[in-house]
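**Student:** Residues per chain, in single letters:
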Amino acid sequence: MNSTWFLYMFFTAVLLFTGIYCLLTMRNLIKLFIGIGVIGKAVSLALIATGLAKKSVLAAQSLVITYIVVEVCMVAVALALIINIYRKTKSLDIRQLAKLKG
Amino acid sequence: MVLQILLLVGLVLFSVLAVLLKDLLRAAISLAVASLLLGIIFFRMNAPYAGVFEISVVAGLITVLFMLTIALTKGGETAESKAASFAFPAFFVLFIVIDAIIMKKLIQKVPALPGPEEAGTTFGQVLWNARTLDLVGQIAVIFAGVFAVLALFRKGDNKDE
Chain G
1 MNSTWFLYMF FTAVLLFTGI YCLLTMRNLI KLFIGIGVIG KAVSLALIAT GLAKKSVLAA
61 QSLVITYIVV EVCMVAVALA LIINIYRKTK SLDIRQLAKL KG
Chain Y
1 MVLQILLLVG LVLFSVLAVL LKDLLRAAIS LAVASLLLGI IFFRMNAPYA GVFEISVVAG
61 LITVLFMLTI ALTKGGETAE SKAASFAFPA FFVLFIVIDA IIMKKLIQKV PALPGPEEAG
121 TTFGQVLWNA RTLDLVGQIA VIFAGVFAVL ALFRKGDNKD E
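Chains as they are written, first to last, in our numbering: chain G, 1 to 102; chain Y, 1 to 161.
Please note that a few of the clues may not be correct.
[Unchecked claim] Covered stretches of chain G, going by a simulated chain Y footprint (3 or more residues, C-beta under 8 Å): (1) 6–17; (2) 23–30; (3) 43–49; (4) 56–65; (5) 68–74; (6) 79–86.
It is worth saying that the hints were derived from the structure and are not from the lab. Where is the CB? At the ideal position from N, CA and C, for every residue including glycine.
Produce the complete structure using the sequences and hints provided.
**Tutor:** Okay, here's the thing in structure tokens:
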């Protein structure tokens, strides 16, 4: 693999670290989904970079487009869930959901 | 190549801003700017279709969805732990150093295995001929998402409240 691919992988790893740090430390539900969005960017960048290195950018592009469609559906459902949780608990704190008894 | 590295650094910078900013609206806008930069990076990597989708759908639609949710849940701000925000730069720099060392060691160690033959010469051929099942899956996922949102916002059976 050429050195350009390693450069892209370096940035992919940094983005992944940022997203996972967000998921591990933040408490706001919307912030957690922003973290998932950052991880998604890392995945798309890795797919396209590997496609470029293997000279099959077209297949990589179709995979990225599939991923983007899945991401949109996931975010729509997740945000609907967050709105429902907010209506129920009047808070966006993830720790509120850890209480099993109302 | 220098411009590409600058774009990648900007992508990481705006992603970090999106994670660290306390104001949710500003965080969502930072995420949109990061998507825009990623779209430009895709254009420069000979992947125009992925770039168009990234800019129009991720930077446009998902940002609108985030803003709508932030507007609908006003008043639900939660105090993030201060230690997490303060510790981030130290962990970030440490990770970048480890990442750089590992990537430098790995250069030329990973063998370039031959990739699969490209199934067509244009993007349309690859998407419609080689990846037909993906398209069926996409349609199924879109329907699942629509029905899930409809079910979540259903009226009339809120007996628990």
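**Student:** Confirm or reject each hint.
**Tutor:** Structure-based check of each hint:
no.	hint	verdict
1	6–17	holds (count 10)
2	23–30	holds (count 5)
3	43–49	holds (count 4)
4	56–65	holds (count 10)
5	68–74	holds (count 7)
6	79–86	holds (count 7)
Going down the numbered hints, you'll see the structure goes against none, and every one checks out.
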